[in-house]
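J.: Residue strings, one per chain:
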Amino acid sequence: MNAALGVACVAAGLAASVLGFLTVGTALVKRRPHLMRLGVVYAWIVVGAAVLEFAVMERALIQRDFRLAYVQKVGSKLTPPLFNVAAIWSSLEGSILLWVLILAGYLGLVIWRFRDRRDDPLVGWAIVTMFGICTFFFLLLIGPSNPFRLGGAVPADFVGPGPNPLLQDHILVAFHPPMLYLGYVGFSVPFAFAIAALVTGRVGEGWLLETRRWTLVAWAFLTAGIILGAWWSYEVIGWGGFWAWDAVENASFLPWLTGTAYLHSVLVQERRGMLRVWNLSLLAATFSLTILGTFLTRSGVVDSVHAFSESHIGPYLLTFFGIIVAVSLGLIGWRGDRLRSPGTIDSPVSREGAFLANNVLFAAFAFVVLLGTVFPLIGEALDGRKRTVGAPFFDRLTVPIGLCLLTLMAIAPVLPWRKASGELLRDRLFWPAVTAVVALGISVGFGARGWAATIAFGLGGFAAGAALRQLALATRRQGWRGLVGRANGGMIVHLGIIVIAVALAAARSNQRTLELRLSPGESAVAFGHEIRYLGTMTEDTKQRFALIARVEVDGQEFRPRQSVLNASGSPIITPSVDTTLLRDVYLTLENRPADGEPALIKVLIQPLVAWLWIGGGLAFGGTFLAAFPGQRRRLPTAPTSEAPPIDDEPRPDVDAAPVEAAPVDAEVTA
Amino acid sequence: MSDDAIDMSAADAPGAHAPGAGDPLADQPVPSVAVRPHRRAPYIAGAVALVLVAFVAVLARKTGGGDQAGPSPLLGLPAPRIAGTTAAGAPFDLTTRKGSWVVVNFFQTTCTPCKQEHPELRAFAERGGAAELVTVVFSDSAANVRAFFAEQGGQWPVVLDPENRISVAYGVPKVPETFIIDDNGVVREHLKGQTSAAQLDSILASLGATP
Chain U
16 MNAALGVACV AAGLAASVLG FLTVGTALVK RRPHLMRLGV VYAWIVVGAA VLEFAVMERA
76 LIQRDFRLAY VQKVGSKLTP PLFNVAAIWS SLEGSILLWV LILAGYLGLV IWRFRDRRDD
136 PLVGWAIVTM FGICTFFFLL LIGPSNPFRL GGAVPADFVG PGPNPLLQDH ILVAFHPPML
196 YLGYVGFSVP FAFAIAALVT GRVGEGWLLE TRRWTLVAWA FLTAGIILGA WWSYEVIGWG
256 GFWAWDAVEN ASFLPWLTGT AYLHSVLVQE RRGMLRVWNL SLLAATFSLT ILGTFLTRSG
316 VVDSVHAFSE SHIGPYLLTF FGIIVAVSLG LIGWRGDRLR SPGTIDSPVS REGAFLANNV
376 LFAAFAFVVL LGTVFPLIGE ALDGRKRTVG APFFDRLTVP IGLCLLTLMA IAPVLPWRKA
436 SGELLRDRLF WPAVTAVVAL GISVGFGARG WAATIAFGLG GFAAGAALRQ LALATRRQGW
496 RGLVGRANGG MIVHLGIIVI AVALAAARSN QRTLELRLSP GESAVAFGHE IRYLGTMTED
556 TKQRFALIAR VEVDGQEFRP RQSVLNASGS PIITPSVDTT LLRDVYLTLE NRPADGEPAL
616 IKVLIQPLVA WLWIGGGLAF GGTFLAAFPG QRRRLPTAPT SEAPPIDDEP RPDVDAAPVE
676 AAPVDAEVTA
Chain E
8 MSDDAIDMSA ADAPGAHAPG AGDPLADQPV PSVAVRPHRR APYIAGAVAL VLVAFVAVLA
68 RKTGGGDQAG PSPLLGLPAP RIAGTTAAGA PFDLTTRKGS WVVVNFFQTT CTPCKQEHPE
128 LRAFAERGGA AELVTVVFSD SAANVRAFFA EQGGQWPVVL DPENRISVAY GVPKVPETFI
188 IDDNGVVREH LKGQTSAAQL DSILASLGAT P
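Listed in order, the protein sequences are those of chains U and E.
Numbered per this note's numbering, the first sequence spans residues 16 to 685.
Numbered per this note's numbering, the second sequence spans residues 8 to 218.
Note that these hints are calculated values from the structure, not bench results.
Remember, predicted model here, so these are calculated numbers, not experimental data.
Some clues are possibly wrong.
[Claimed, not checked] Only pairs whose alpha carbons sit at most 20 Å apart, straight line, appear in this in silico SDA-like list of lysine to any residue: (1) U:K617 to U:E572; (2) E:K122 to U:L498; (3) E:K181 to U:I588; (4) E:K181 to U:A259; (5) U:K434 to U:V452; (6) E:K122 to U:E572; (7) E:K105 to E:A90; (8) E:K181 to U:I393; (9) E:K122 to U:I588; (10) E:K181 to U:G394; (11) E:K122 to U:E605; (12) E:K122 to U:V404; (13) E:K122 to U:D261; (14) E:K181 to U:F390.
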């Protein structure tokens, strides 16, 4: 029943995607606008099919319908409800279901948002592109990654293995994958509009304005997804880290890097009409990288802790990647010369010069990460030798790039468009420089170690000073509106990223670890904290058997544990963390002590870890503030040459202020 | 300075997109200098495409089809020698097992799929299936291996391969991988990635292995 219904939904979704692609395509090529209405119907069928197939799989999981091979793989009678519902995305086939659900959701939103403009070829071609992407993912679901395949017969008392034990341990598994996919898949929308702009030849700034908020929302979710993933691994895996340059982490980080580059360079195009080809290329790269990342992690070509070893979808994803790249490059090659604008950058010391530097740095960053991720493959292809690229490679190359980006974050927000004078820079950078010195002083006072970390603290203060200065000026001028709009919201995002950078530098440079062997009742002092082992207790539930150590940190009790899941028999080590704003004490139980025997407890102390998550929250929230329309003064594409009031002290930042009048909203509110 | 401003006029603003609105290039700025006649974009795009074709080729070469039963050149040939010391300290030599079917599993304690696979291997070994089980460990410390087996159970021989001789002879780059060797010492099956007791049983049955 579930299987039949699921397959029927997938088939309906595939048929509707193909028909939608062909119908809307025909409507555009042969100029038959009435066909467009039919295309809209197909889009809603796609949405319905995606929602239904997802619901069917959830139902099968809740019913423990072990006739389905997928439920046999990830379902278990012993999994608690929350993790059972989240089990849908714990393995390959189900994660593609989630992908399709979100993709169809975005398609529905595009159809709804542009309901009055469906006859516009730009919107039409964007919808065609999205139908094309939907077709590919429905193909995956019907063929190589069919989640509704029937499994072999199972005995009546079959319990089921349940999802990977690590995916049954923390509430974040319910949030991290959907957030990440909302980001990943969200980039389909600006990509679709970029393709549409190239096809129609309407390569001006129109499509940019249409997709500005879509891009921001996708970026916000991708950021949140990455941070939640780091948080999850910190709270669950038990090694005390949050980022390991694992292939799957890199796969999520690569589109983030190119997406971030795009968010900045797009401003240059809006204001100065430059960098058009580059922006289109960045969007195409961002979307291709989401597919490439999925390929790398789902096909087993690179080693990763997250890789699904048994997948068959590699060749399909690689083919799709090839098609996307070919289409994008073909269109850019065809239209590229018409895109080029005559504008040039007047002075490197200007806002657009800073954005250009930003893009060079982000492109270099993305290149380094991509190179490190695929180098084992390339090396093997060249000389047949196996290699691994580890964290030292990434750290050595990305830390300097990160420091340069922090510097840029400090200087760029105070630069005016076109040209800046030395005097102006001196003026505007005075307070940021003060905060930099203060931050440096505080960090040295707290015992900062390592040159990179110390520089990061100083630059973090510098950049935070620049962001706060902008926010202070904006709120003084506009009240609460000084916190919304792209430039101001963007500064809040900057603050979030700076907080993350500083927290990363602090946690990685000042971590201290100690293994303690303590008998019950015994205590030891670890880096100024009194650690007392009280004894063990056990917890025996339907789902798991856990051996819990009761450990006091400065008098407060924490419970690191080792547990074995009944369904799979696999052991997992779950840390317990004493979190404060200044430092985390991270405890793991490293052995399974019998009653009265000494326990082996690992203590890991890292400063400022909590600020990683706080910074992530700031960046996420700030992006939505940035998407919120700010001051409505002039069109975003209005020329910027109207005499920047450089020496007008009371309004020193007018030229750097947000120019937010989003025409779409202006139209709605007018 | 202001005269060379690129006027992005609002022609491309949403309201301007009336259905069928005239020239699709209406929103192109009127260039203030003549557009250079030579075409660069196709060449740049072509160059990027070439690099990416090579890149995709490298990836495709590695992808293979993603089939779990990867074709090993060893299939049908006599199994390379597996000899050394077990984690328990006893000498081991596969040649002494001639006459019975052997499942050889390559393992590391640092590998998550291997750990997930372990209960399956235990189930297979404890049921006393059609073949004996031997684990080979390389690039790992003997202490880790002993601790893992002490904790997780498993009574079959675990052969240490500190110099990677066995793993190289069998061509195993990453674990887990499993080989099935018949009673004449010939490699009959090669499995990449996690396996299960049920899969081993069914393969052994299809190859006609008897205890």
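J.: Indicate, hint by hint, whether the structure satisfies it.
T.: How the hints compare with the structure:
{"no.": "1", "hint": "U:K617 to U:E572", "in the structure": "15 Å, holds"}
{"no.": "2", "hint": "E:K122 to U:L498", "in the structure": "50 Å, violated"}
{"no.": "3", "hint": "E:K181 to U:I588", "in the structure": "24 Å, violated"}
{"no.": "4", "hint": "E:K181 to U:A259", "in the structure": "19 Å, holds"}
{"no.": "5", "hint": "U:K434 to U:V452", "in the structure": "27 Å, violated"}
{"no.": "6", "hint": "E:K122 to U:E572", "in the structure": "31 Å, violated"}
{"no.": "7", "hint": "E:K105 to E:A90", "in the structure": "13 Å, holds"}
{"no.": "8", "hint": "E:K181 to U:I393", "in the structure": "17 Å, holds"}
{"no.": "9", "hint": "E:K122 to U:I588", "in the structure": "13 Å, holds"}
{"no.": "10", "hint": "E:K181 to U:G394", "in the structure": "16 Å, holds"}
{"no.": "11", "hint": "E:K122 to U:E605", "in the structure": "17 Å, holds"}
{"no.": "12", "hint": "E:K122 to U:V404", "in the structure": "23 Å, violated"}
{"no.": "13", "hint": "E:K122 to U:D261", "in the structure": "19 Å, holds"}
{"no.": "14", "hint": "E:K181 to U:F390", "in the structure": "16 Å, holds"}
Checked against the numbered hints given earlier, the structure breaks hints 2, 3, 5, 6 and 12 and satisfies all the rest.
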